[in-house]
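Order-wise, the sequence lines are chains P and G.
The first sequence runs 17 to 399 under the numbering used here.
The second sequence runs 843 to 1124 under the numbering used here.
Hints listed in this document are in silico derivations from the structure and should not be mistaken for laboratory results.
These figures come from a predicted structure and were not determined experimentally.
You may find that some hints are simply not true.
[Unchecked claim] 25 Å max Cα-Cα, derived SDA-like pairs, lysine to any residue:
hint : chain 1 : residue 1 : chain 2 : residue 2
1    : G       : Lys-1106  : P       : Glu-78
2    : P       : Lys-218   : G       : Asp-888
3    : G       : Lys-1118  : P       : Pro-208
4    : G       : Lys-891   : P       : Lys-325
5    : P       : Lys-325   : P       : Val-375
6    : G       : Lys-1118  : P       : Gly-26
7    : G       : Lys-891   : G       : Lys-1083
8    : P       : Lys-325   : P       : Met-294
9    : G       : Lys-1118  : P       : Gly-44
10   : G       : Lys-1083  : G       : Val-1024
11   : G       : Lys-1083  : G       : Leu-1108
12   : G       : Lys-1106  : P       : Gln-65
[To be verified] Restraint-style ranges between C-beta atoms, simulated for each label pair:
hint : chain 1 : residue 1 : chain 2 : residue 2 : range
13   : G       : Gln-846   : P       : Arg-274   : 54 to 64 Å
14   : P       : Ser-134   : G       : Lys-1071  : 48 to 58 Å
15   : P       : Asp-209   : G       : Glu-1121  : 22 to 32 Å
16   : G       : Lys-1111  : P       : His-154   : 30 to 40 Å
17   : P       : Gly-340   : G       : Glu-1121  : 50 to 60 Å
18   : P       : Arg-271   : G       : His-850   : 28 to 38 Å
19   : P       : Met-199   : G       : Glu-933   : 37 to 47 Å
20   : P       : Ser-264   : G       : Arg-1060  : 53 to 63 Å
Quick reminder that beta carbons are idealized off the backbone N, C-alpha and C, glycines included.
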Amino acid sequence: MTGKRALLTGAHFLNGDVACAEGAIAAGCRFFGGYPITPATEIAEHLSQRMPEFGGIYIQMEDEIASMAAVIGASYSGLKAMTATSGPGFSLMQENIGLAVMTETPCVVVDIMRGGPSTGQPTLPGQQDVMQAKWGSHGDYGIIALSPCSVQEMFDLTIEAFNLSETYRVPTLLMGDEIVAHMWEKVVIPSPDKIKTVNRKKPNVPRDQYMPFMPDDDLVPPMACFGEGYRFHATGLTHNERGFPQTSSSEVQSRLVRRLCEKISRNVDKIVRVEEVMLEDADVAVVAYGIVARSALSAVRKARSEGIKAGLLRLITLWPFPEGHVARIAKQAKAIVMPEMNCGQLVREVERAAKETPVAFLSKLGEDPHTPKEILEAIRGNC
Amino acid sequence: MVEQMMEHPFLKYLRSAMIPHIWCPGCGNGIVLNCFVHALDELQVDLDKLVVVSGIGCIGRTAGYTNTDSFHTTHGRALAFASGVKLANPELEVVVVSGDGDLFAIGGNHFIHAARRNMGIKVICANNFNYGMTGGQQGPTTPLESLTTTSPYGNVEHPFNLVHLAAASGAIYVARWTTLHVRRLTQSIKKMLQKEGFCFIEVISPCPELFGRYNKMRSGLEMMEWFKKASIVESFSDPAKAEITPDRLVVGEFVDVEKLSYEKLLHEKISQINEKAMEKVS
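Let's have the full structure, built from the sequences with the hints guiding it.
Have a look at this one:
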């Protein structure tokens, strides 16, 4: 399973899907199971070519349900594993994203957002899956979702997604959009020894004492893999620390589900990443993520040139939601402007964190993202 | 004199902490597990390299009862999960034990594609003609006119003939037995475990508490009597003609052929590409 590493390094002109695929390989991903779907197909195409060069597995499954199940299986066999899809496929994956959450499976799911609902607009961008990312599967759980705004970040954040998923044993979502996936930009890739990669914790107890869901102090249990002699059981049913089903114990249900939430919520400070631009003295703060943040940055700069004290809070982590960062700028700013390519999704979280500070929401659907001018006008109107 | 309790020789194959099992009196699932464990014992299978995967349903608990690495997936997804396991580590022996509803209704698509690919997974399907776990509903193998909790006027859906479906989908080994045929079933499981590729054994299994109750076979014994009366052992007969009827249960082996497995083809391809990639670098 080892191949001579012909990892890309240096500066390259790539599209976002290809950058994501290369990021996966650089992160150590050696299993991809997926199903073709616009605008994420190029990730599968590129990995079908690249995976074998690294001794890795590429398989096109019969649908997205199977893709997600195979990814979990491969992860339990010890490989870093991922899939990539778009809205309709993301909906199908929710069932087994829940299984991955429950069985604490490190894995990465890339969702290149297009216009929905249903088949919607396959070739146009959207940000309509960001609530589904958090709440898509039934039950309560914590999850991590990242939002790239450039082709460079399609590479960088794919690696970050693997590192977070291996650290917290949680499926980690890369929520791109059609534009960052399909546009071409310069990507600078460091040499492999400069790329930080994280591998899941392994058990350090004798095999007969191993409890597959007994957490350490960080609430994350060390993970044995199939074939290593631990002979452990895992199930989507509510289970105790040994992995045995406990379907009628409210105590076990509470202990397990609260830990699944808290292993993320208690580590928010370690997980969350944002980019803050000119926020120090900002009267108007624009909160944006993904491709929309690029327009927002232009708008903020233009506003500054007009003498308006505007700033940008770009959310790199969408989930867990950077509530603290939003609350802090909300205290300082007179108003918040939030452009999103949906009918109002993450803005609800922003409003919750902003408390009394007014939030002006800019909705955009079915075409190009907000222009800098549209955002600038909102800044002018709220300063 | 206190008699020393002898440890059951097969205890090492079971997770005693998970026993007692959840299965009803007269259920055939215990027989299926028993035959599986016998086959493991006779072959001296390395339990550290065996992964048992199951879906949802009564027989789905088998994964938890076997003392190996095991995984209890979401409903219908056992084969898709198992495909990932097998490809990521082809040295593992991967066995899926699940039911007719799990494998052929909600999981039907995964079944035909795993068989088509000839994925090296060994499948044991306990067919009890209904959904037992949820209380006896009609399913993809429920015979015409049978009564279930959701076909109270008699089932009007044509059932799958599972051995025909498996053979047509590309399985390299296909057999059907009932829980009455314990020795033949055990031999069949042994044979399957020694093959490379997608193998399928259907085990007709009694569900007297539900399917039997609604269809005038109220005990496990009565169901077994039906199996005894109706079963005909035929070797390598045409699976297309093996449709199950109240009077005729054709059992035996239907397919036993050799074909390169998916994981073998894939890993051969990977090593070729890998070698080339290495040349390119050096």
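Here is how each hint holds up against the structure:
1. Taking the CA atoms of Lys-1106/G and Glu-78/P, the gap is near 20 Å; set against the 25 Å cutoff, the hint holds.
2. For a cut-off of 25 Å, the pair hint linking Lys-218/P to Asp-888/G stands: about 22 Å separates their Cα positions.
3. Restraint check: the Cα-Cα separation between Lys-1118/G and Pro-208/P comes to about 21 Å, which is no more than 25 Å; the hinted pair holds.
4. Taking the CA atoms of Lys-891/G and Lys-325/P, the gap is near 64 Å; set against the 25 Å cutoff, the hint is violated.
5. Pair hint Lys-325/P plus Val-375/P holds up; C-alpha atoms about 16 Å apart against a cutoff of 25 Å.
6. Restraint check for Lys-1118/G and Gly-26/P: the C-alpha separation of about 23 Å stays at or below 25 Å, so the hint holds.
7. Straight-line distance between C-alpha atoms of Lys-891/G and Lys-1083/G comes to about 37 Å, which puts the hinted pair past the 25 Å bound.
8. Our distance criterion of 25 Å between C-alpha atoms is met by Lys-325/P and Met-294/P, whose separation comes to about 8 Å.
9. Straight-line distance between C-alpha atoms of Lys-1118/G and Gly-44/P comes to about 20 Å, which keeps the hinted pair within the 25 Å bound.
10. Between Lys-1083/G and Val-1024/G, the direct Cα distance comes to roughly 23 Å. Compliance with the 25 Å bound is thereby established for this hinted pair.
11. At roughly 34 Å between alpha-carbon atoms, Lys-1083/G and Leu-1108/G are farther apart than 25 Å, so this suggested pair is violated.
12. For the suggested pair Lys-1106/G and Gln-65/P, the alpha carbons sit about 18 Å apart, so the restraint of at most 25 Å is met.
13. Between Gln-846/G and Arg-274/P the C-beta distance comes to about 46 Å, which lies outside the given range of 54 to 64 Å.
14. In this structure the supplied range 48 to 58 Å holds for Ser-134/P paired with Lys-1071/G, their Cβ-Cβ distance being about 52 Å.
15. The beta-carbon spacing between Asp-209/P and Glu-1121/G, approximately 23 Å, falls within the hinted interval of 22 to 32 Å.
16. The hinted window of 30 to 40 Å between Lys-1111/G and His-154/P holds, with their beta carbons roughly 39 Å apart.
17. For the pair Gly-340/P and Glu-1121/G, the supplied restraint of 50 to 60 Å holds, since their beta-carbon distance comes to about 52 Å.
18. About 33 Å separates the C-beta atoms of Arg-271/P and His-850/G, a value consistent with the hinted range of 28 to 38 Å.
19. Our hint of 37 to 47 Å for Met-199/P and Glu-933/G holds, since their Cβ atoms are close to 42 Å apart.
20. Look at Ser-264/P against Arg-1060/G: about 28 Å separates their beta carbons, and that is not inside 53 to 63 Å.
The structure shown violates the earlier hints numbered 4, 7, 11, 13, 20.
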